[in-house]
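Q: Position chain X relative to chain A; hints supplied.
Chain by chain, the residues run as shown.
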Amino acid sequence: MRIFLTKASKWHGTDLELIEDIAFPQKVFWDPQTYKNVQTGLFYPPHRVAEKSLTSDLYEHVVANPAGKTAFILAGGNSIFGGEGRKCSKPNKLSYEYKFLPLSLTHIWAGRTASNFGSMDHIVTDATACTSGLKVLVDVQTLIRHYNFDRVIVLAVEDQVNNMTLQFFGESGACLIEKTAQDEGVKPSAFDAKNFGFYIGQGSAVAIFESEQALMNNGSQAILELKGAWTAAEGDANAIGQREDGQGFIRAMQGALEISRTAAEQIKIVKTHGTGTRSNNLAERHALTSVIPEFVATSYKQKIGHTMGVSGLLETLLLLDDLKEGVVPEIQNRTEEDAVFLSSATQAPDGLILSLAAGMGNVYSAAIFNREV
Amino acid sequence: MTEQDFLKLLNAVVKLAKPFHKEAPDLDRLDIRFKETTIDSLDMLMIGLYLGDVFGISEEDAKQMMVATPGELFEIIKKVATKFPDDVDKAIEGLK
Chain A
1 MRIFLTKASK WHGTDLELIE DIAFPQKVFW DPQTYKNVQT GLFYPPHRVA
51 EKSLTSDLYE HVVANPAGKT AFILAGGNSI FGGEGRKCSK PNKLSYEYKF
101 LPLSLTHIWA GRTASNFGSM DHIVTDATAC TSGLKVLVDV QTLIRHYNFD
151 RVIVLAVEDQ VNNMTLQFFG ESGACLIEKT AQDEGVKPSA FDAKNFGFYI
201 GQGSAVAIFE SEQALMNNGS QAILELKGAW TAAEGDANAI GQREDGQGFI
251 RAMQGALEIS RTAAEQIKIV KTHGTGTRSN NLAERHALTS VIPEFVATSY
301 KQKIGHTMGV SGLLETLLLL DDLKEGVVPE IQNRTEEDAV FLSSATQAPD
351 GLILSLAAGM GNVYSAAIFN REV
Chain X
374 MTEQDFLKLL NAVVKLAKPF HKEAPDLDRL DIRFKETTID SLDMLMIGLY
424 LGDVFGISEE DAKQMMVATP GELFEIIKKV ATKFPDDVDK AIEGLK
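Protein chains in written order, with the numbering used here: chain A, 1 to 373; chain X, 374 to 469.
Next up, chain A with everything else stripped away, as it sits in the complex:
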């Protein structure tokens, strides 16, 4: 059974702002309006981030074009809604309390949001760290291919511009803090000898997947084919680290190739996880060059920040926009000429797309897409 993306919407923070009143000052990609009036306890930034992608157009499309057995998946990422992210030892502009506690329970909010699309046959929430947005594509293919679902609506959302994440990532050196950026003259980049790291960002994305049969019945237009997706763990890995030989990425890629009955030679464009950390640079580069013979690779985290749980899906949708223009964009701030991990934008080659994501907790996801629909 073929599976198609028929409708999508996305949002990411575009204001690059230095957050100073925290232990590890750092820049973030966000929309400060998502934190407007949060001290009243009446507004919840993760909900506001999600609603940026939940457009009237999407609701109207789903309601006007029924597709039979339908599921809703909320890919909630890392700390998800009931998390501790809002807390801080010293109150700052990111601190808040939330009074509507039932809606901070992820699955209640998911059910409430799903009801906007009409009645559902299945509602599920997912917290597979930074791979969530791609990992749930495994669930999409399972529901459609093995449980006879006709349509699966995926909402991926994460607001990690919060006190807990900025503290943890800043302290561990996982993201690029302002002191490092200033002292070492570094900019966010990936697979580069000089520049490295990422800023944290807000993001959300909605993607509607439908079976081939549903398309024939309701006349929806296919945008992209999801050929297959897979998620894997590494052997003997630190749960908050990565093996430098890229075993997790390799297992995820091989799983996706197998389930989609695709030869590695067919992959020509790669959307990397591309955080630009030393360990990810080593792991992802080694994995890709071991498995895929000829490709060009890009990364979006330098442009929009690391949107964590939504990043895999959101960045794939951004790549689709670029491919419509016939271009695979460069990885920003590369300091070396590179025709594979692109230092300059290039004309998009024919062939399949591979999207990758990695997450803490020892998890790696890969998804393969076909533009020929």
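Please note that a few of the clues may not be correct.
Distance condition first, Cα-Cα at most 30 Å in a straight line; then the derived DSSO-like pairs of lysine-lysine [to be verified]:
| id | chain 1 | residue 1 | chain 2 | residue 2 |
| --- | --- | --- | --- | --- |
| 1 | A | Lys93 | X | Lys436 |
| 2 | X | Lys463 | X | Lys408 |
| 3 | X | Lys388 | A | Lys7 |
| 4 | A | Lys93 | X | Lys408 |
| 5 | X | Lys436 | X | Lys408 |
| 6 | A | Lys36 | X | Lys388 |
| 7 | A | Lys303 | A | Lys268 |
| 8 | A | Lys93 | X | Lys463 |
| 9 | X | Lys388 | A | Lys93 |
| 10 | X | Lys408 | X | Lys395 |
| 11 | A | Lys90 | X | Lys469 |
| 12 | X | Lys436 | A | Lys36 |
| 13 | A | Lys36 | X | Lys469 |
| 14 | A | Lys36 | X | Lys381 |
| 15 | A | Lys194 | A | Lys179 |
| 16 | X | Lys469 | A | Lys27 |
| 17 | X | Lys451 | A | Lys36 |
| 18 | X | Lys456 | X | Lys388 |
| 19 | A | Lys90 | X | Lys436 |
| 20 | A | Lys36 | X | Lys395 |
Quick list of simulated restraints, FRET-style, between CB atoms [what the hints assert, rightly or not]:
| id | chain 1 | residue 1 | chain 2 | residue 2 | range |
| --- | --- | --- | --- | --- | --- |
| 21 | X | Lys395 | A | Arg371 | 30 to 40 Å |
| 22 | X | Asp413 | A | Arg145 | 44 to 54 Å |
| 23 | X | Asp462 | A | Glu51 | 15 to 25 Å |
Keep in mind that the hints were calculated from the coordinates and are not lab data. For glycine and all other residues, C-beta sits at the position ideal for the given N, C-alpha and C.
A: Then chain X, alone, in the frame of chain A:
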């Protein structure tokens, strides 16, 4: 605050409380029963907390405002409110 002002404020709060893009009912009289509209128990909880913010009602009191009609809600608010908005439109704007 007049009954008309209260209904105007309540309708604005209901729009905020209902799920995104879900049609909110028009509460045009004080004796309409919430159960006869599309307002559910989760909406009522949120309506109570939004109104609590506008009228300076404690969170605990606000959560108890699970009543049957807008009229009953208005009566409770008149008893427990610590402030009343001078301008309903400004109060609505402040909730966004």
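Q: Would the pair Lys469 (chain X) and Lys27 (chain A) pass a check requiring their Cα atoms to be no farther apart than 30 Å?
A: holds, 27 Å
Q: Lys436 (chain X) and Lys408 (chain X) were given as a pair; does the straight-line alpha-carbon distance stay at or below 30 Å?
A: This hinted pair holds, its Cα atoms lying about 18 Å apart.
Q: Going straight from one Cα to the other, do Lys456 (chain X) and Lys388 (chain X) come out at no more than 30 Å?
A: The hint holds at about 22 Å.
Q: Hint check: Lys463 (chain X) vs Lys408 (chain X), CA-CA at most 30 Å. Holds or violated?
A: Roughly 29 Å separates the two Cα atoms, so the pair holds.
Q: Taking 30 Å as the top limit, are the C-alpha atoms of Lys194 (chain A) and Lys179 (chain A) close enough?
A: The given pair, whose Cα atoms are some 16 Å apart, holds under the 30 Å limit.
Q: Quickly compare the C-alpha distance for Lys93 (chain A) and Lys436 (chain X) to 30 Å and report which way the hint goes.
A: holds, 27 Å
Q: Is it true that the CA of Lys408 (chain X) sits at most 30 Å from the CA of Lys395 (chain X)?
A: holds, 17 Å
Q: Between Lys303 (chain A) and Lys268 (chain A), does the CA-CA distance stay at or below 30 Å?
A: holds, 22 Å
Q: In this structure, is the beta-carbon distance linking Asp462 (chain X) and Glu51 (chain A) contained in 15 to 25 Å?
A: Because 23 Å falls inside the window, the suggested range holds.
Q: Going straight from one Cα to the other, do Lys36 (chain A) and Lys395 (chain X) come out at no more than 30 Å?
A: Cα-Cα ~23 Å, so holds.
Q: Checking one constraint from the list: CA of Lys36 (chain A) to CA of Lys469 (chain X), max 30 Å. Satisfied?
A: It holds: about 8 Å lies between the C-alpha atoms, which stays within 30 Å.
Q: Measure nothing beyond the straight line between the CA atoms of Lys451 (chain X) and Lys36 (chain A); if it is 30 Å or shorter, mark the hint as holding.
A: holds, 29 Å
The structure is inconsistent with the numbered hints 4 and 22, although it conforms to all the rest.
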